[in-house]
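Okay, here's what each chain looks like letter by letter:
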Amino acid sequence: MKRWLMEILACPICKYHPLELHVFVEEEEIEEGVIYCPKCYRWYPIIEAIPHMLPDELRDRKEDLEFLKRWKDKMPSEILERGKPFNAKDLR
Amino acid sequence: MTRKSLEVMLERIEPHPSPRVDLEQYTIPSYLAATILWIAEFKHGDLSGRTVCDLGCGSGRLAIGSVIMGARRVIGVDIDPVALNTARSNARRLGVEGYVDWILADVRNIEISADVVIQNPPFGVQPSLRGIDSVFLVKALKIARDVVYSLHKAGRNNRAFLGKLIRENGGEVTEIVEMEFDIPPIYEFHLKKHYVIKVDLYRVKVGK
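Residue numbers (my numbering), protein chains in the order written: chain A, 81 to 172; chain B, 14 to 221.
In case anyone wonders, no lab produced these hints; they're calculated from the structure. Where is the CB? At the ideal position from N, CA and C, for every residue including glycine. Treat the hints with caution; some may be incorrect.
As the list claims (entries may be wrong) - Negatives, chain B to chain A, calculated, CB over 12 Å:
1. Thr-64
2. Gly-144
3. Arg-180
To be verified - Cross-link-like lysine-lysine pairs, in silico, DSS-like; alpha carbons within 27 Å at most:
4. B:Lys-56 - B:Lys-155
5. A:Lys-142 - A:Lys-164
6. B:Lys-177 - B:Lys-218
7. B:Lys-166 - A:Lys-119
8. B:Lys-56 - A:Lys-95
9. A:Lys-149 - A:Lys-119
10. B:Lys-17 - B:Lys-155
11. B:Lys-155 - A:Lys-82
12. A:Lys-82 - A:Lys-119
13. A:Lys-95 - B:Lys-218
14. B:Lys-177 - B:Lys-56
Let the sequences and hints guide you as you build the complete structure.
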């Protein structure tokens with residue numbers, strides 16, 4: 081994923097723009113990271129350079145929790161505390 | 014570049030390794046993709062320098078083809094991660110990965126903007142997908158600031174139906190090009206060697 085995508089991408093759930101971008105691994109493009117909606121608190125993982133902008137009902141809970149666990153140290157505390165649809169409480 | 018050389022280039026794009034019947038995944042034949050891209054760029058100048066979005070991009074033929082035609086940025090959207098991984102490696106193979114982004118999303122709620130949408134949506138023949146072509150079309154009209162290219166099943170009734178839908182959503186059909194979609198037998202229920210489906214390419218101007 082390239083950074084310019086943030087210019088044209090809004091939250092699929094609440095339509096808010098602009099979204100926040102947090103980058104974990106960047107090579108030629110962003111390989112791993114998270115896109116966060118500060119309005120509805122939803123976060124969307126970027127996995128293997130592809131942002132997953134899915135609605136709650138299509139999300140893969142297991143994959144999402146693994147992602148949260150994997151990037152726990154780099155994940156913004158706001159996402160861990162009140163991120164939707166899953167957050168650190170679901171890891172316990 | 015000639016239309017034929019574009020077709021040869023698009024031929025290098027690998028199709029989806031395991032097309033899903035529930036998503037009506039057909040790889041668009043390269044001659045058809047080449048013709049659509051050719052019309053869009055050399056007849057109307059709609060691709061070069063523009064931001065282009067491909068909804069239901071599959072393995073990425075129209076998206077990657079748009080980069081080849083000079084689009085500034087391209088975004089391919091699909092709900093199938095396997096299709097997107099194929100598209101991503103196709104973009105790398107053709108050396109256009111710096112211009113294209115892939116997004117895993119449901120067309121019903123993706124929120125994005127672009128100058129142009131170019132798409133070959135599912136025709137909505139499978140019972141579970143009935144009406145999905147309309148969903149794609151309406152969403153394309155929301156996303157595009159300027160022009161939409163969309164491929165649909167031909168037929169008088171469908172033209173009347175889609176024409177009305179486009180008008181109601183603020184678009185104006187400037188051109189309909191009749192084409193033939195040659196579908197090879199990729200699914201088990203395909204008995205014939207090849208299916209040729211008559212399709213219409215719509216060019217829709219969006220008034221925003």
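Hint check results:
no.: 1; hint: Thr-64; verdict: violated, 7 Å
no.: 2; hint: Gly-144; verdict: holds, 18 Å
no.: 3; hint: Arg-180; verdict: holds, 25 Å
no.: 4; hint: B:Lys-56 - B:Lys-155; verdict: holds, 24 Å
no.: 5; hint: A:Lys-142 - A:Lys-164; verdict: holds, 14 Å
no.: 6; hint: B:Lys-177 - B:Lys-218; verdict: holds, 14 Å
no.: 7; hint: B:Lys-166 - A:Lys-119; verdict: violated, 40 Å
no.: 8; hint: B:Lys-56 - A:Lys-95; verdict: violated, 35 Å
no.: 9; hint: A:Lys-149 - A:Lys-119; verdict: holds, 23 Å
no.: 10; hint: B:Lys-17 - B:Lys-155; verdict: violated, 33 Å
no.: 11; hint: B:Lys-155 - A:Lys-82; verdict: holds, 23 Å
no.: 12; hint: A:Lys-82 - A:Lys-119; verdict: holds, 23 Å
no.: 13; hint: A:Lys-95 - B:Lys-218; verdict: holds, 24 Å
no.: 14; hint: B:Lys-177 - B:Lys-56; verdict: holds, 25 Å
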